[in-house]
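**Student:** I would like the entire structure built from these sequences, with the hints used as guidance.
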Amino acid sequence: MDNPIAQSPFAHRLRDTRPTVSGGVKITDLSALPRTGFKGRGTRDWLASQVDTVPDAPNQAAFQDDGTVIAWLGGQEYLALPDPEGRSTFCANLTKAWDTARSTGTQGIGFPLPREDSHSWLWITGADVPSMMAKICGVDLRPDVFAEGDVAQTVVARLGAILLRQDRNGEFGLYMLSDFASGHYLWDVLQDAAAEFGGGFV
Amino acid sequence: MTQITRTGALIDSTKPITFFFEGKRYSGVQGDTIASALAANGQWVLSRSFKYHRPRGVLTMAGQDANTLVQIGNEVSVFADRHPISEGLEIKAQNVNGSLEKDRDFFMNRMGRFMPVGFYYRTFYKPKGIWEKIWEPLIRAKAGLGTLDINAPEDGYHDKAYGWYDVVVVGAGPSGLAAALEAAKLGGSVLLVDENPQLGGAATYARGMNLQDLIDHVEAMENIETWTDAVCNGWFADNWLAVIQGNRLHKIRARQLVLATGLIEQPAQFRNNDLPGIMQGSAAQRLIKSYGVTPGQTAVVLAGNDDAYGVALDLVDAGVSVTVCELRKEAEGPLRAQVQTVGLTIHDGCCIYEALPGPGHKHVRGVSIAELDDAGAATGKQRMLPCDLVCMSVGYTPTYQLAVQAGGKVGYDDKTAMFSITGHNADVGLAGSMDGRYALERCVAHGTAMGARAAARLSEADAPEAPDKCATSPNYPWPIFPHPKGKDFVDFDEDLQIKDIKNAVAEGYRELELVKRFSTVGMGPSQGRHAALPTARLVAKHSDRTVAEVGVTTARPPFTTEKIATLAGRKFTPMRRTPMHSRHESAGAEWLLAGNWQRPAYYGRGNAKKTIALEVSNARTNVGMIDVSTLGGLDVRGPDAAEFLNRMYTFAYAKLPIGKTRYLLMTNEAGTVIDDGVACRIAEDYFYITATTTGVDNIYRNMLWWNAQWRLDVDIANVTAAYAGVNLAGPNARTVLNKLTDDIATGAEDFPYLAYREGHVAGIPARAFRVGFIGELGYEIHVPARYGGALWDAIAEAGAEFGIRPFGLEAQRVMRLEKGHVIVGQDTDGMTTPEELDMIWAVANKKPFFVGKRSLELRNKTLRDRKLVGFSLDEMPTAGLEESNLVIKNGEIAGFVTSICQSPSVGKVIGLAYAARSDSETGAKITLRASDGSLHQATVCSPHFYDPDNKRQEM
Chain X
1 MDNPIAQSPF AHRLRDTRPT VSGGVKITDL SALPRTGFKG RGTRDWLASQ VDTVPDAPNQ
61 AAFQDDGTVI AWLGGQEYLA LPDPEGRSTF CANLTKAWDT ARSTGTQGIG FPLPREDSHS
121 WLWITGADVP SMMAKICGVD LRPDVFAEGD VAQTVVARLG AILLRQDRNG EFGLYMLSDF
181 ASGHYLWDVL QDAAAEFGGG FV
Chain S
1 MTQITRTGAL IDSTKPITFF FEGKRYSGVQ GDTIASALAA NGQWVLSRSF KYHRPRGVLT
61 MAGQDANTLV QIGNEVSVFA DRHPISEGLE IKAQNVNGSL EKDRDFFMNR MGRFMPVGFY
121 YRTFYKPKGI WEKIWEPLIR AKAGLGTLDI NAPEDGYHDK AYGWYDVVVV GAGPSGLAAA
181 LEAAKLGGSV LLVDENPQLG GAATYARGMN LQDLIDHVEA MENIETWTDA VCNGWFADNW
241 LAVIQGNRLH KIRARQLVLA TGLIEQPAQF RNNDLPGIMQ GSAAQRLIKS YGVTPGQTAV
301 VLAGNDDAYG VALDLVDAGV SVTVCELRKE AEGPLRAQVQ TVGLTIHDGC CIYEALPGPG
361 HKHVRGVSIA ELDDAGAATG KQRMLPCDLV CMSVGYTPTY QLAVQAGGKV GYDDKTAMFS
421 ITGHNADVGL AGSMDGRYAL ERCVAHGTAM GARAAARLSE ADAPEAPDKC ATSPNYPWPI
481 FPHPKGKDFV DFDEDLQIKD IKNAVAEGYR ELELVKRFST VGMGPSQGRH AALPTARLVA
541 KHSDRTVAEV GVTTARPPFT TEKIATLAGR KFTPMRRTPM HSRHESAGAE WLLAGNWQRP
601 AYYGRGNAKK TIALEVSNAR TNVGMIDVST LGGLDVRGPD AAEFLNRMYT FAYAKLPIGK
661 TRYLLMTNEA GTVIDDGVAC RIAEDYFYIT ATTTGVDNIY RNMLWWNAQW RLDVDIANVT
721 AAYAGVNLAG PNARTVLNKL TDDIATGAED FPYLAYREGH VAGIPARAFR VGFIGELGYE
781 IHVPARYGGA LWDAIAEAGA EFGIRPFGLE AQRVMRLEKG HVIVGQDTDG MTTPEELDMI
841 WAVANKKPFF VGKRSLELRN KTLRDRKLVG FSLDEMPTAG LEESNLVIKN GEIAGFVTSI
901 CQSPSVGKVI GLAYAARSDS ETGAKITLRA SDGSLHQATV CSPHFYDPDN KRQEM
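Residue numbers (our numbering), protein chains in the order written: chain X, 1 to 202; chain S, 1 to 955.
Be aware that one or more of the hints could be misleading.
What the hints assert, rightly or not - Only pairs whose alpha carbons sit at most 30 Å apart, straight line, appear in this in silico DSBU-like list of lysine-lysine:
no., chain 1, residue 1, chain 2, residue 2
1, X, Lys135, S, Lys571
2, S, Lys185, X, Lys135
3, S, Lys415, S, Lys329
4, S, Lys160, X, Lys135
5, X, Lys135, S, Lys251
Said to hold, decoys possible - Computed, partial: chain S to chain X, Cβ under 7 Å:
no., residue
6, Tyr162
7, Trp164
8, Pro359
9, Pro574
10, Met575
11, Arg637
12, Val719
13, Ala721
14, Ala785
15, Tyr787
16, Ala790
Everything labelled a hint here was simulated from the structure, so no lab data went into it.
Positions of the beta carbon are idealized from the N, C-alpha and C atoms, including for glycine.
**Tutor:** Structure below.
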């Protein structure tokens with residue numbers, strides 16, 4: 001969302017009530033960052049031809065040299081998330097490569113998905129994240145069970161969500177991608193769940 | 001008897017607390033429960049019994065009985081022997097008529113003969129009508145425990161949490177501690193749960209047990225979590241455990257479960273065995289050890305096992321004068337030997353035949369003991385012993401509830417009075433006294449073995465040998481001593497006496513489950529903890545069978561009481577908002593829900609009808625804008641995309657040109673209309689289609705389901721949330737759009753009705769198509785969701801010079817009705833066919849297949865006698881007409897109104913209704929029945945009330 005008129009679904013909440021957080025859960029809104037996904041017949045082979053490494057099992061992520069994460073969501077569906085702390089053009093390059101291939105008539109390379117608009121993107125970090133998430137999600141996310149690069153496609157507080165373990169500076173971390181239109185609801189849910197640990201949006 | 005300075009494991013006497021019971025001020029100390037603090041103040045009566053309103057007091061001090069149920073604020077049935085006191089806490093007795101001290105309904109105590117077991121089944125229904133007029137109001141007024149204000153706000157924050165552990169151990173007594181320690185040695189995660197405030201189980205109060213070393217070891221293990229004040233309230237499949245701690249319900253998955261839930265001490269049955277001052281031996285020990293309360297001055301201990309002598313010794317240590325009444329004629333044991341050394345009087349081979357009540361039955365003042373004959377029955381050789389405390393230590397049942405929920409069966413050996421539990425789930429182990437290991441050392445050894453077993457099952461190693469069960473039972477086999485005058489209670493909750501169970505069997509209810517249902521035994525708050533065993537014994541005796549043959553009743557979750565608020569937890573109600581939500585809020589939107597979307601109904605806080613009419617008028621005569629972001633959006637891509645749409649929808653799409661849109665109508669396999677929308681052809685292999693707001697998720701699932709069978713080369717993506725949409729409509733819509741785009745030609749020829757274009761609007765990449773849902777020149781503009789707010793702002797700004805204003809869902813519904821456009825779900829029902837909607841034009845019968853085609857061919861051969869018709873009235877009747885009002889023909893129901901409004905544009909009341917097919921021609925009269933029953937004539941007309949030639953939307 002380099003375009004200044006683009007807006008995260010959490011933007012107005014962050015503007016209206018930016019909280020001070022000192023506890024064991026920090027929630028960072030990454031929705032403004034680029035991200036993409038591909039789905040459909042031929043996606044895996046095409047993606048493999050474009051990136052260094054693709055995950056070798058569903059619900060797993062593979063990390064590229066520049067920090068971009070490619071997550072295999074199942075079947076022929078993939079998600080690409082850049083390193084939030086870098087300035088990677090990986091996602092834009094992928095989209096451009098796909099457009100180029102299609103413009104030359106190439107078929108069977110899957111289709112892009114509008115992940116920047118279909119899903120909000122949060123980074124939930126801190127030692128208490130597994131405990132906090134246990135209040136709203138039925139998947140066991142304890143560090144020794146849910147390893148870095150593991151992906152869970154599940155329900156969080158009755159909302160569909162993609163969870164991906166991505167630690168931050170040695171601290172436990174989760175990417176959470178969820179319905180773009182439910183940002184307001186999700187804000188309330190996460191703030192409430194994190195309050196017990198002195199955490200919240202930052 | 002007020003005790004000033006107390007020493008107990010759970011209390012801090014240096015921290016006094018003031019609280020109120022029945023309006024009277026009391027002092028307790030930090031750590032006290034309500035019951036312990038009241039006992040320390042000499043207040044032993046806590047409640048009145050359910051039926052006879054007899055005074056009741058401490059029985060178990062373990063939250064296992066209804067005697068201690070009290071009300072706090074708006075919370076009823078709180079266990080006084082579990083709930084801590086706090087400064088200023090106000091507690092009330094419940095089930096009291098008048099006051100706890102002087103209950104007007106205590107006269108019921110003398111009415112027992114008029115209320116024999118099961119009397120209610122044959123009493124209240126004759127003569128006819130008496131139930132409703134007399135008995136039901138009376139019983140409702142008398143029944144129930146406590147008073148609940150259902151309008152009171154929710155008290156406190158309740159939530160839930162999931163948890164996952166390799167091994168969960170329930171019960172932190174000797175065997176539970178040992179099991180947790182052993183299981184943890186292999187490195188897995190272990191959770192140790194106990195309902196009490198401290199670890200140690202029976203060792204916290206029973207004489208001669210010290211587990212501090214074991215507790216220290218457990219607490220030193222990093223991979224053991226210990227939860228106190230946490231009750232495991234249910235076992236469900238796959239070791240799914242409901243554990244309640246405070247206001248949180250934990251939903252725990254345990255790979256292995258060890259139940260070390262111990263024993264429940266059982267009362268004896270003798271006349272007046274419910275008097276305050278008569279309690280379990282373990283209750284007296286809890287009062288002394290945990291709370292520093294001396295429960296009396298002169299005690300009689302009824303002994304059926306050696307534990308009773310531990311109680312006697314503890315009482316002596318607390319300064320109580322003690323006499324032992326021993327049921328066994330030849331008893332021995334290490335604690336008995338100590339008592340004999342102390343020199344207490346022991347009456348061997350005697351029972352308590354009757355407890356003698358003090359004034360108002362508020363405390364025991366003595367007991368009459370009787371020698372037992374060889375059959376164990378009371379003889380006439382009796383003597384009276386004055387006392388103010390009776391402790392019963394005659395036996396136990398295993399705390400079998402969770403094990404039974406896990407598939408276990410409870411067995412009983414009549415010869416040894418020993419219980420067994422078998423057949424439970426293989427991933428559940430039983431440890432300690434609940435599985436026949438009573439002595440402390442054997443309990444610990446068994447816990448260790450079961451902990452090792454749990455760990456071994458996780459690693460598929462061999463399980464170690466478990467120590468044998470104890471040979472001697474702590475259960476006296478027949479502690480039941482009926483009295484001719486009764487009041488020898490089997491079930492304290494329900495005031496059921498020995499004769500009630502006997503009479504139930506005499507009535508023909510031989511099976512325990514039938515006795516339970518007929519007598520209500522075991523159906524009160526304590527759920528048979530103390531009633532199940534004596535009932536089984538009595539049923540066995542009076543049906544000439546053994547207890548083993550009779551069995552025990554089933555134990556279902558929950559194990560103990562749980563609040564509705566705990567089960568409800570924190571509410572999760574996902575709501576969706578469009579990216580323009582804050583704009584609508586600023587514009588004063590009134591909201592309504594469309595599925596789980598929040599949508600503006602109209603804008604402004606004034607008169608709703610006028611506001612909606614104004615919004616309609618502005619869109620019809622000028623230009624309006626509506627947020628349509630909630631509309632379902634699906635990307636259908638791939639070489640077979642057109643074929644896929646051809647199969648999913650009734651219309652034909654193979655030849656739809658790129659850059660064009662076409663109406664979508666979907667039927668299910670029965671030929672019933674289930675959705676509609678618009679298909680935009682973006683490329684040869686790419687359709688962007690819309691679906692109804694509330695239907696899109698089902699339609700998406702439907703599509704995946706069908707294509708799982710068809711295997712067409714097509715990809716379907718639900719992109720509903722990914723696009724924000726604005727419908728810009730009205731005669732000035734083109735002019736406004738012109739200001740916002742450089743790369744989309746907006747003229748009628750370049751961008752005709754039903755065309756699809758891509759370009760930029762306000763610099764935002766946009767999909768635009770011309771549709772006419774409200775019947776005006778209109779552009780539907782879809783942009784990536786993150787730009788929704790910016791698009792809205794840009795359109796509003798560009799349209800400002802023309803007086804653009806947003807319109808809400810209500811205005812849109814009026815305008816689409818004026819155009820005669822149906823809303824699927826509102827103007828259709830579970831049987832509607834395209835033919836009934838006059839939408840045959842949207843069905844391509846030449847196609848070889850679409851979902852519902854075969855059914856429609858059959859249904860069209862015999863058309864139903866109804867059609868959707870347009871109708872109008874000159875004005876709205878005073879009674880009003882609304883959706884779902886009936887259409888009446890010859891006194892019969894011919895149909896119903898699906899949509900109706902006062903049309904600002906047409907100047908009449910217009911609507912759509914299902915009517916008799918014979919009345920579907922223009923000019924026919926139909927009769928509408930208003931909600932008050934009045935009948936009103938309407939004239940059938942074309943449903944296209946406004947601009948029937950579509951000139952406005954196609955301009």
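**Student:** Could you work out which of the previously given hints the structure breaks and list their numbers from low to high?
**Tutor:** Number 8 - this is the single hint that the structure violates.
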